[in-house]
Each structure stands twice: as structure tokens, then as C-alpha cells.
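A.B. asks: Using the sequences provided together with the hints, build the complete structure.
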Amino acid sequence: MAGVDKCILCGLCRQDSSLLKLTGKETVTARGKAVLIKKGILDKIFYIDPMNDVTVRHCPTNVEISEEIRKQREKMVEHGMETKANRRMIDNLRDYGNPYGILKKGEIREVYS
Amino acid sequence: MDLTWFEKLVGKENISDEIIDREIYSTDGSQIKGRADKVIWVTDVKQVHQIVLYARRHEKPITARGAGTNLVGAAVPFDALVVDFTKMNKIEAIGKDYVVVQPGVVCDDLNKALKEKFFPIVPEDSAVCTIGGMCGINSTGIYGKRFGRMKNWVLEVDMVEGSGRMRKHGSEVVGSEGLLGLFTKIKLRITDRIVEKSMDLLKFDKIEDLVEKVSSLKNNKEAISVEHISKVAAELIGLEKKHYLIVEYIGLEGSIKDHIEMERIVNVRKQVFSKLASQDFILMEDPYVPTENMAEFLYWLEGKSIPCFGPIGMEILHPCLTSREHVSEVNEAVSKLNGKLGSKFGVGLLKKESLNEVEKAELRKLKISFDPVGILNVGKVI
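So the protein lines, in turn, are chains A and B. Residue numbers for the first sequence follow my numbering, so the first one is 1 and each next one is one higher. Residue numbers for the second sequence follow my numbering, so the first one is 1001 and each next one is one higher.
Be aware that a few hints might be false.
Coverage of chain A stretches by chain B, computed from C-beta distances (three or more under 8 angstroms per stretch; other residues unrestricted) [to be verified]:
1) 9 to 19
2) 26 to 40
3) 60 to 69
Keep in mind that the hints were calculated from the coordinates and are not lab data. The model shown is predicted, which means the values in this text are computed figures rather than measured ones. Glycine included, every Cβ here is placed at the ideal spot set by N, Cα and C.
C.D. replies: Here is the structure:
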């Protein structure tokens, strides 16, 4: 299995993403995750279940993106780093007792878990 | 730029100027990095039209995107609005000999839906590539020898031109790489599904024998696909060190008739690039080389230890390279042999030299009439 640096952005992993069919957005594909990891943009990576929809069967370079996500998490833990989303959730939990912050009646907010 | 205006038009969930989306949509299969200003996931023609009018008014570039698998940078934006067609993926009508689709329909999904009918332009990445993208670059596919290119199968396209005008066109706009307008509906000719197929798997020691066989198959209409795997590529992917030809026939002319065996061979062929890419041959080129010079080109590749494969029956090969540094060397060899660059994946950013100045001037003239402000796919092709 290869690391994220081997991702050639071919997009063949789009066929492995059931979430892409629902959302239509590349952020949920392995290619999308690879771009974000390479750029060090980890907010949405940190909260993705590594086994959820990122298991890739058609990657020509055999990038194991779920393993890459795990590695990134480990690095963040080792270095005491946290994402903005994580910080915000902790603050909200402390201030409002829930991870979302102030919610209007009936409001639903996006959360990555 | 007014984000609220876009949110009203397409809904909050279908527009983003967040860094995560801008990063992901700043590149495509070419790995060239551009800059996306916003990403918009369109769902109907009205939205596409309004976005084009807005962009024209504000002189804001637009880059259309299907699956983003293009290998020459055709979907790379430069400070542009990326208009993603993934969600415009409805098959609107299936007739006896035609189908009407939105541009975001994936090629394999179309063929699944067609059941006993068949859309015969099937690129290697048919599991992900969209009909809109295929129209954009005038794609061909594994059966291109028999069925040609998208141009041969497009009956009509609905287009929002760069001027904002909405018009129907024939196949003359196929291959315009997003320079003239955005496709919103495509009517395609379809044919009957191929029921009876057979295959030959041929091995050669000498390049001359291989090329002679390719020449002999040139006028054989039953041979719908003539694919090659070079000796260098074969060795790298763990096959016996020979030159291979995989010939697919309509009918029973081929010696292999067992469907499981044929599927096994097709899978080997499909995995060639994957296996080469995993050994760092990550760049796939697409030169056309006339059959009479093919042997010389194959010898040249072999001498340089460059693995190659591809639809040799269409006089196209895919030399696979480890870095862009070697591309110019291949281009030079192709030009010397009266070949042509960018014969399959389009022109985009990387194959501009494949068009001569006369062709570019004609395209510029056409662009001015379709896209007078010059907002569509800026920096590409011309």
C-alpha cells in the first residue's frame, strides 16, 4: 500500500465513493482527502471515520487513504495539535453543553464525527 | 463576488468558497494546480444560464467540470468559478436509436441504463467520466477503431454559450473543451448491444511482426478493438516478456470465445496503467503515430525502456513516463515520425503545441462569436 504522496489525482476513486453519489462533492472522495492531507488542511479529515467510504478499490497507485487519515490523526495527537473544528466543539461543550453552540429552535448543524 | 446571490440561485449547499473545496477543485487528473474562486454544483439549465450571465456581467472566468479526470488540465481553473456538473446526471429520455442525457451522466451508468442498447464510446475511465466531459474533449474509447469518437455519436447539444445565448448545436461544438459554452443537454445516437464477441491474444517477439498484424487488421470491420502491450510494459507488470496484441471482434472470428477467459484478458489490459503507475510510471501520454512509422516509434520507446500500451489499432499509443521532464523527448520523436500530440485526451493546457497557428486562429475567431468577453476556460487550448 502506498502513501498519499503517490496519489496521482486521476479520480478513479470516485467510483468507490457512495457518499459522492449522495453529495456530488469531491470532498468525500479519496482524491479529495488526499488533496487536503497534502495541503495540511485537516479539519475535515480529523473527524472522518477512516473506514467510512474511503476504502478504495480502484486506485491505480494503491494509496490506502484510510491509513493516511489514521497517520494524520496520530501526528496531531503526538504534537498536541487540534483542528479549528475540534477547538470550537470543546468551547461549545463548555459554554453551551453541546458541540454546536447556540442553536435556534429546529436548527440542525453539520458536525463531523 | 456576491455569495448571497449564488446561494439564492443554487442553494447554500451548492456553492462554496471554503478553502477545502477551492483546494480540491483547483486541480484535475493532470495534477496541475490552478485556483478556484468558488465551486458551484449546478442542478439545472436555468442555474447554468444565470451563472454565465452573471460571469459575463462581472467578467469572471468560468471553468466547467465533470469528473475532473482530464489529463491535460482542461478542468483546471484560474481564478475561476468552477461549475461542477456532477449533480446534473439525469437520463432524460431513451428512444429506439437515441438517448438524451444531462452532462453529468457517467458513461458506465448510461450503458447500464440502456440495457439491450449500447453507447459505444467507452473510455478507459468509463466508470467515472461524464458524457459532458467526453463531449468536451471529443473522447474516443476502447472500441474507437470501429465506432470512432464522440463527434460521430452526438446528434444535438443544448449549450449556454459564453455570450449567455442558449442554442442547440450539432456535433460541430464537440471537442471545444469548454471554450465556447457549457453543455446542458446532449442527445446521443445509440446502437444495439454487442451480443456475440470473441478475442485473439497474440504474442510477438519482433516489432515488425506485431505492426504487420496491426496493418492487416486495419480494414477488418469486425475487429472493434486492437490493443497493444509493449515488451517493456509486459515485463514490468509481470507478464511474459513479449509484445502483445489483444484483438476483440464482433462475431466469432477470434480464437477465444469463452466469456470468462475474455473477461480475464480485458482485466489484464485494464490494469496495465494501474500496475505501471504503482511503479512510478504515473504519466500517460496519447500520441498518434501512423502505422507506417509505428515500428520505428516502438523501437525508439523500447530503446529508452519506456513502457507503453494502448489502442494501436487506432494508431494511438500510451507511453508511460515517470516525470514531465521526459514528455518533450517523446513529443520530439512523435513529430519526427509525422505523428500528432494530444490525440486522445484533448489539448487543455499541456498539448497546446498540437494545434498549428491556423487552427488556433480559427478557434479564436469562433470563440469570439460564442464567448465575446472571453470568460470560458481561460488559458486553455489557444
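A.B. asks: Hint by hint, note whether the structure agrees.
C.D. replies: Hint by hint, here is what the structure shows:
1. 9 to 19: Held - the region 9 to 19 of chain A has 6 residues with a Cβ nearer than 8 angstroms to chain B, which meets the minimum of three.
2. 26 to 40: holds (count 7)
3. 60 to 69: n = 3 at 8 angstroms, threshold three: holds.
In summary, this structure violates none of the numbered hints.
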